[in-house]
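Please build the complex by placing chain U on the supplied structure of chain A, with the hints as guidance.
Sequence lines, in order, name chains A and U. One gets the numbering used here by counting positions in the first sequence from 1 and adding 730 to each. One gets the numbering used here by counting positions in the second sequence from 1 and adding 989 to each.
If you're looking for bench data, these hints aren't it; they were derived computationally from the structure. Among the hints, a few may not be true.
Examples of chain A residues toward chain U, derived with CB under 8 Å [unchecked claim]:
| no. | residue |
| --- | --- |
| 1 | Met731 |
| 2 | Asp786 |
| 3 | Tyr788 |
| 4 | Val790 |
| 5 | Cys806 |
To spell it out: a stretch of chain A is covered by chain U in this simulated footprint if at least three of its residues, at any positions, have a beta carbon under 8 Å from a beta carbon of chain U; those stretches are [to be verified]:
| no. | region |
| --- | --- |
| 6 | 797-804 |
| 7 | 807-813 |
On a predicted model such as this, the values are computed, not experimentally measured, just so you know. No residue lacks a Cβ here, since even glycine has one placed at the ideal position from N, Cα and C.
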Amino acid sequence: MISPLRDTVTLRAAALEFFRLALYEEEMEELTRRVRHAQNADRARLAREPGLTYADGYYVAIDYLLTIEEMKEQGCDITFRIDELRALAAVRSARTEFQREHPPCPRCSTLNALGAQRCRKCGEQLIKMKTQRMQAGA
Amino acid sequence: MEGTQSVLLPLDGERAVSFTDRGHALTFIFRRITQAEWLKVFAGVCVEKQKDGEGQLLTLDFDSALVSMVEANLVRVEGYKAKDGVEITAIPNWQQRIRPGHKLLAGQLLQSVGVSDSDREYSFDSEHDEVVLDAAWGSSTPGKMTEYRGLIHRFKPATEQQYKRYYRALSESRVVGGSRTGRTIYGNRRTILIELYDDLIAEVDGYSIGGQPLASREQIVQEMDGLHKVISIAELFAAPDTTPKEETAAA
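With the rest of the complex left out, here is chain A (with noise of 0.2 Å):
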């Protein structure tokens, strides 16, 4: 028998699917708002909703981190058993790692996947273009 607050190896990869899924369905979302228009790899994209890999009690345990790691933030007076923080320093490293794959925008903020050329809500350029490199370094 787990306990997923215990366990933080596969309570961490949790987490990164937790977040990782987040930034799905803030982007699904906006999708679904332009579906009638979506070009059909976007409409694949909808179709293809991803599964949660890990047994339920993982989420809501990343879930009830996330609860009371906001209400510590905001000052609340409350304090941490040492399976909580253990716990919670595993959702955190998490947290950096899914960061590192989705930086946000320098002008709007919005995260976006490690790599992309555009910013998938204001447009802002992320990556300069090779041939735009190579002309300025000509």
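Okay, now just chain U, sitting in the frame of chain A:
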């Protein structure tokens, strides 16, 4: 229901539930259902989730423990016709011979309590947070339950640490059978809700012991029905119901 009572809900003494089956009234009389008995029921409630293909399979079992509690606390029944001159209660282990559907319904009637649906204005009280319940409790007419409305529970404001305890109780679970394919078994949050109730309750209105209103916090903690504790404290922590009244009624 046989009408709303303006008298106090008697927490002590025997407790009847009554219903009809095909027009025939049946009444089950229980000894007082103690908090220990409710805790046994809560401990027996099973909520499990398991991955099932692309989706999740949710398994709920509220009934097994409830039927066991009914059998353990049933003192007598009224309305069953004697066969060959033998009353049902004269049969050994007669509680187990009663139809499962009747026992289940009796158990469900013992749980007839909920947040009041009456239109109330929320007034600000700097000292207390108020929760109002309605309950069906007891029966004086065969086939009908007596309804009590406006049962008030007043709580001291919860601390931030108590909110955290509540959220933790909601999230407690165990995973059996592996982290990927395993079943998630949710914890028994009702026990923690009762602890929170005992910590936070200040006053109640509408209940009695020995015909007298509950007078002190200590008396409330000791005498209040376990299920009424759970329902009222859960409502205290619950997110507001923002569903428009018309939609609720139509649902």
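How the hints compare with the structure:
no., hint, in the structure
1, Met731, "holds, 5 Å"
2, Asp786, "holds, 4 Å"
3, Tyr788, "holds, 7 Å"
4, Val790, "holds, 5 Å"
5, Cys806, "holds, 4 Å"
6, 797-804, "holds (count 3)"
7, 807-813, "holds (count 3)"
In the structure shown, no violation is registered for any of the earlier numbered hints.
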